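Enquirer: Using the sequences and the accompanying hints, generate a full structural model.
So the protein sequences, as listed, match chains A and B. Number 37 in my numbering belongs to position 27 of the first sequence; there are no gaps in the numbering. Number 61 in my numbering belongs to position 51 of the second sequence; there are no gaps in the numbering.
Hints are computed from structural coordinates only; laboratory data are not their basis. Quick caveat: nothing in here was measured; it's all calculated off a predicted structure. There's no promise every hint is true.
Here are a few chain B residues that face chain A, going by a calculated C-beta distance under 8 Å [to be verified]:
no.	residue
1	ARG26
2	LEU27
3	GLY46
4	LEU64
5	GLY67
6	GLU88
To list a few chain A residues with every Cβ distance to chain B over 12 Å, as calculated [what the hints assert, rightly or not]:
no.	residue
7	MET11
8	ARG33
9	GLY51
Which stretches of chain B does chain A cover? Using the computed rule of at least three CB atoms under 8 Å from a CB of chain A, they are [to be verified]:
no.	region
10	11 to 19
11	29 to 38
12	53 to 63
13	71 to 77
Just so it is clear, CB atoms sit at the ideal spot from N, CA and C, and this is done for glycine as well.
There are 2 protein chains.
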Amino acid sequence: MVYVVAVYDVEADRTRLFLNFLRRYLTHVQNSVFEGEITEGDLEEIKQELESMLEPGESVIVYRMSAEQYVSRTVYGEDPTEDDQFL
Amino acid sequence: MVYVVAVYDVEADRTRLFLNFLRRYLTHVQNSVFEGEITEGDLEEIKQELESMLEPGESVIVYRMSAEQYVSRTVYGEDPTEDDQFL
Numbered sequence: 011m012v013y014v015v016a017v018y019d020v021e022a023d024r025t026r027l028f029l030n031f032l033r034r035y036l037t038h039v040q041n042s043v044f045e046g047e048i049t050e051g052d053l054e055e056i057k058q059e060l061e062s063m064l065e066p067g068e069s070v071i072v073y074r075m076s077a078e079q080y081v082s083r084t085v086y087g088e089d090p091t092e093d094d095q096f097l
Numbered sequence: 011m012v013y014v015v016a017v018y019d020v021e022a023d024r025t026r027l028f029l030n031f032l033r034r035y036l037t038h039v040q041n042s043v044f045e046g047e048i049t050e051g052d053l054e055e056i057k058q059e060l061e062s063m064l065e066p067g068e069s070v071i072v073y074r075m076s077a078e079q080y081v082s083r084t085v086y087g088e089d090p091t092e093d094d095q096f097l
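Expert: Listed below in structure tokens is the structure:
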């Protein structure tokens, strides 16, 4: 398993597409930010799908950590963690 | 030193404020994403400043890693890394 944080920067009218796709694998923690522990296989699947979804000028950054224990997350301001608001 | 990734989610007309503030400490790597290796003192300074800047409904997530070696970053789509475009 690997722990990943993914952040997308895509056209406004395409955010739902990426939101729905990434939520199949990860937890939605902020506007354009997702995180979670997944298998190498799922990460590979995400990569391949993203490559086919992205259009010019858009990008998704994926930070990959060997384990969740190597990272700590602190939220300043209102914690936006709620995975169901956008359903 | 600690390695941090920070992502802001703020009102559109206040993005420049956060952009300018975070770039004093970190590298701007995507729309609302910043990263870099900083001192514990700088991280503390960032935290305090953010608390005073953030308004209701806004947030900044800070991921903190003990060292850059624990994380790898992959960009899918167009690599938006350019720290000067928004100057």
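Enquirer: Determine for every hint whether it applies to the structure shown.
Expert: Tested hints:
1. With a least beta-carbon distance of about 16 Å to chain A, the hint placing B/ARG26 at the interface is violated under the 8 Å criterion.
2. Interface hint status for B/LEU27: violated, as the beta-carbon distance to the closest one in chain A is roughly 13 Å, over 8 Å.
3. Taking 8 Å as the C-beta cut-off, the interface hint given for B/GLY46 is violated, the closest approach to chain A being about 13 Å.
4. At about 4 Å, the closest approach between the beta carbon of B/LEU64 and any beta carbon in chain A falls short of 8 Å, and the interface hint on this residue holds.
5. This hint holds: B/GLY67 has a C-beta 6 Å from the nearest C-beta of chain A, less than the 8 Å allowed.
6. Below 8 Å, beta-carbon pairs count as interface contacts, and B/GLU88 has one with chain A at about 5 Å; its hint therefore holds.
7. The claim that A/MET11 lies off the interface holds: its Cβ sits roughly 15 Å from the closest Cβ of chain B, which is beyond the 12 Å cut-off.
8. No beta-carbon of chain B comes within 12 Å of the beta-carbon of A/ARG33; the shortest separation is about 16 Å.
9. At roughly 16 Å from the closest C-beta of chain B, the C-beta of A/GLY51 stays outside 12 Å, upholding its exclusion from the interface.
10. Residues of the region 11 to 19 of chain B with a Cβ under 8 Å from some Cβ of chain A number 3, which satisfies the need for three, so the listed coverage holds.
11. Restraint check on the region 29 to 38 of chain B versus chain A: 0 residues with Cβ-Cβ distances below 8 Å, three needed, restraint violated.
12. Here's how the region 53 to 63 of chain B fares: 3 of its residues keep a CB closer than 8 Å to some CB of chain A, so the rule of at least three is met and the hint holds.
13. Coverage of a stretch by a chain is defined here by at least three residues with a beta carbon nearer than 8 Å to that chain's beta carbons; for the region 71 to 77 of chain B and chain A the count is 6, and the condition holds.
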